[in-house]
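Letter by letter, the chains look like this.
There are 2 protein chains.
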Amino acid sequence: MIDLRPVGYIIGMLTSVLGLTMLIPAAVDWGYGSAHWMIFVETATLTVSAGLVLAIASRDGLRRTLSIQQSFVLTTAVWLTLPLFGALPFMIGVPHLGLTDAYFEAMSGLTTTGTTAIEHLDDLPPGVNLWRGILQWLGGLGIIIVAMIFLPVMKVGGMQFFRSEGFDTLGKILPRAMDISSALIRIYVGLTIACVVVYMAVGMTGFDAVMHALTTLSTGGFSNYDASFATYKGAPEYASSIFMALAAMPFIRFAQLMSGNVTPLWRDPQVRAFLRWMGYAIAVIVIYRMIRHEAAFWPTLREVTFNVVSTFTGTGFASEDVTQWGHLAFTILIIAGLIGGCTSSTACSVKVFRYLILFEAIKVQIQRLYSPHRLLRVHYDDAPVEDSIVNSVVAFFSLFILTYGVLIIALTFTGLETETAMTAAWTSIANIGPAWGPEITANGSVAKFPDSAKWLMSAAMCIGRLELMSVLVLFLPRFWRA
Amino acid sequence: MIDLRPVGYIIGMLTSVLGLTMLIPAAVDWGYGSAHWMIFVETATLTVSAGLVLAIASRDGLRRTLSIQQSFVLTTAVWLTLPLFGALPFMIGVPHLGLTDAYFEAMSGLTTTGTTAIEHLDDLPPGVNLWRGILQWLGGLGIIIVAMIFLPVMKVGGMQFFRSEGFDTLGKILPRAMDISSALIRIYVGLTIACVVVYMAVGMTGFDAVMHALTTLSTGGFSNYDASFATYKGAPEYASSIFMALAAMPFIRFAQLMSGNVTPLWRDPQVRAFLRWMGYAIAVIVIYRMIRHEAAFWPTLREVTFNVVSTFTGTGFASEDVTQWGHLAFTILIIAGLIGGCTSSTACSVKVFRYLILFEAIKVQIQRLYSPHRLLRVHYDDAPVEDSIVNSVVAFFSLFILTYGVLIIALTFTGLETETAMTAAWTSIANIGPAWGPEITANGSVAKFPDSAKWLMSAAMCIGRLELMSVLVLFLPRFWRA
Ligand SMILES: [K+]
Ligand SMILES: [K+]
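So the sequences go chain by chain: A and B.
Under my numbering, the first residue of the first sequence carries the number 136, and numbering increases by one thereafter.
Under my numbering, the first residue of the second sequence carries the number 136, and numbering increases by one thereafter.
Just to be clear, a hint being listed does not mean it is correct.
Stated by the list, open to error - Pair by pair, the computed Cβ-Cβ distance ranges are:
#1 B:Trp401 / A:Ile422: 53 to 63 angstroms
#2 A:Phe432 / B:Ser506: 49 to 59 angstroms
#3 B:Ser587 / A:Gly414: 16 to 26 angstroms
#4 A:Ile422 / B:Gly168: 49 to 59 angstroms
What the hints assert, rightly or not - From chain A, some residues computed to sit far from chain B (all C-beta separations above 12 angstroms):
#5 Ile159
#6 Trp165
#7 Val229
#8 Pro261
#9 Ile315
#10 Ile320
#11 Leu381
#12 Arg407
#13 Leu410
#14 Gly414
#15 Met425
#16 Glu455
What the hints contain is simulated information worked out from the structure, not anything from laboratory work.
Note that the structure is a prediction, hence the values are computed from the model and not measured.
Just so you know, even glycine gets a beta-carbon here, dropped at the ideal spot from N, CA and C.
The whole structure should be built from the sequences, with the hints applied where relevant.
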């Protein structure tokens, strides 16, 4: 039987940290003179206490190593447990949500999805909106660490391709993990601060700059405005596009860049394909809108760039009603969301790396048809890729599409219209944010969805964020017996 | 350089045969006293002559064996050339279509897709409707032979799994192929005659029974009525369901059944899964309609059975406006179309066999996550499956989904609405038949689509029908150099 105490200990500590961060919105609400600050002190007390109790109860589990099995339980358990506590401020304080909506909002935050269950954001106490931003920022930070440290060892969806040499034995995970994690955290914090400064330079208020920087670098997409990014048309759209794109690039490349080496970033096939594909999408939609709606070039370029980058990176900010851009533009945006950013970033969805491997794998399959006796291998970055990685990637893609299909059916079962079910499934499995359909409220929230649909979406956000397989493995009875 | 003469010879002979079959609608129109019979005699003369000229010009290519390379060229060339001649009656005679529409109609026939480009079917000369049925019946016959003889040798999409022992060397293809082909043709003809008899027994006129039997056994779905199968509600729906289901089962099992062995059919995992999944879909939709629309059980069961079997098998007959059945029913039907029937039948789409392998492959990938050192293999029918077949199947599924996505974008480019583009892409890549959207006419035809959309759909029908890879391989420059 698996020893759950190390898992309990880590979750306990993370919960306590989450509780402590609740003091930030408490301070902000207090600074803004809102009595709502007491709510955050109360939930902080509850959360820190619960976390400490769990950590102390599992203190025997304090060790330096985690088995693969424990790593699987840990990642999913973190993303199931923390939203429970992250939801407390939404339930006890304004907006006084029920458990379903509050858990949905916190899960949407920690998975960096960005779909909201709240109908009126403009009137919320500032601390509550900031808390939504903090949840996304923490979720983004967590996902970078999971993608860099855990997924490669867990061999989920071909991520073993990104295993650094130091990770070869499990016993070494944690010490080495500390070095890498601290480098990644410095980059993440640095980019966030740079984003705040730039946002303020292009005209945002200090609060809005912080709020949106938190949800930009995490490719989360929460906003404190019902109008989302339409509140800040113009230069902020370009500024945001740059930071969203950075947030969707492999963070390890930034670490190499900081040590003076620009080549790895520039030569990375994922980065090149990601920028190229975004460029194509922007070019096609700009030309299409100029021809179809006789739109002027410069504003069109700005709006299209922002909304394409926002969808491609899975951030999900909106500055325009993209459904008004015509069917071609909308279809391209939907497909862009099913691609996503680069691995080892805060971006979600299938990711560019997997498509590059997938295209190569299909090409090799077709080539094998007429030269069955030649040894044909999948190549990436001019080097052959192990079969086990290729199989893992292709199986991941198939599983992603099948899960997407099943989710559409399941959401339709709850009574949603086809369009709503299709975009809600898209937004939750790929952690994007917006959805469209008659059940979506004016501010783009899912407040009017049936509860069953909200729970399904919460589960899908968690499964999608953790790369599907690492969650689904827990459903195999043999996993628990091993 | 590849020797195209054997390909030219076979295509010439097949074209001549196609020309000869045009004498059947000629005889029928003559029998009905329609002067239109002369059109068919004219196109028959043209087609037979062109075929003979091609065959004589390529007579040096007359041999007993085909290389793999030649097999690839042959299959695609057959499905590109025959529609050119099959289209002649639609252009020269009533309904006097242009090249785009006529080629579309013939391609839709020979690929057993069943989408029509003709706006009024009820008023056509009987011979023209019969010709549409004959095109589908010949297309279905062709596909069974391709699926049984060519695809396994060509190793397309994992079809090498169905390679019988006699096929191991290419030189043996043709002689052994003759035996198998003649058995399959006898079964196909026998089932068609049985279907005619049953259709007449449940109330169809002789002509309608023949017309619909031709398009039932081919899972084609053309009808001579604008109302499609709604003309024959009641018992004919059950009769048709049975024959559509039979047409979507592996024909080789029927051959074994005829030699007195029922076990292979009954034990075939594909057949069992196919019937089980259809049963689930029918049960869910019946219950859903009874609850939602307070529908009566027996008529609901009949309508749902017919329309589910029609979509699952990719036949595409309609007896009801299924968009009125609610979102859940519609979504299930769309997914059913993306599954399809069994391999080595006239059914299209991804097919049950590939889903069974795909589910197993994903399961093995997930199992490998926690027991990386155990040897885990994909099993089918209790036997391990070679890795090359599994990879081929998973790559096929990925390619199918990607092609579907690209096709939706391309169709949107031509100006179609999103709903139309999505269902038109679905219907053409999976050879189903119906599509929905504002550009679809009252009788379900694509007559009002832009020409570019019709050509895209024609190409997609051909690519989908020939299992994608066998066509796409021709686009690799190295294929022609090999
Ligand atoms: K997002
Ligand atoms: K069909």
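Cross-check of the supplied hints:
1. B:Trp401 / A:Ile422: 53 to 63 angstroms: holds, 58 angstroms
2. A:Phe432 / B:Ser506: 49 to 59 angstroms: Between phenylalanine 432 (chain A) and serine 506 (chain B), where Cβ atoms are some 57 angstroms apart, the hint holds.
3. B:Ser587 / A:Gly414: 16 to 26 angstroms: holds, 25 angstroms
4. A:Ile422 / B:Gly168: 49 to 59 angstroms: holds, 57 angstroms
5. Ile159: About 37 angstroms separates isoleucine 159 (chain A) from the closest Cβ of chain B, which puts it past 12 angstroms; holds.
6. Trp165: Check passes; 47 angstroms lies beyond 12 angstroms.
7. Val229: holds, 35 angstroms
8. Pro261: holds, 39 angstroms
9. Ile315: holds, 22 angstroms
10. Ile320: Check passes; 27 angstroms lies beyond 12 angstroms.
11. Leu381: About 27 angstroms separates leucine 381 (chain A) from the closest Cβ of chain B, which puts it past 12 angstroms; holds.
12. Arg407: Given a closest Cβ separation of 20 angstroms, the condition holds.
13. Leu410: holds, 20 angstroms
14. Gly414: holds, 16 angstroms
15. Met425: Its Cβ never comes within 12 angstroms of chain B, the nearest being 15 angstroms, so this holds.
16. Glu455: Holds: least Cβ distance 17 angstroms, greater than 12 angstroms.
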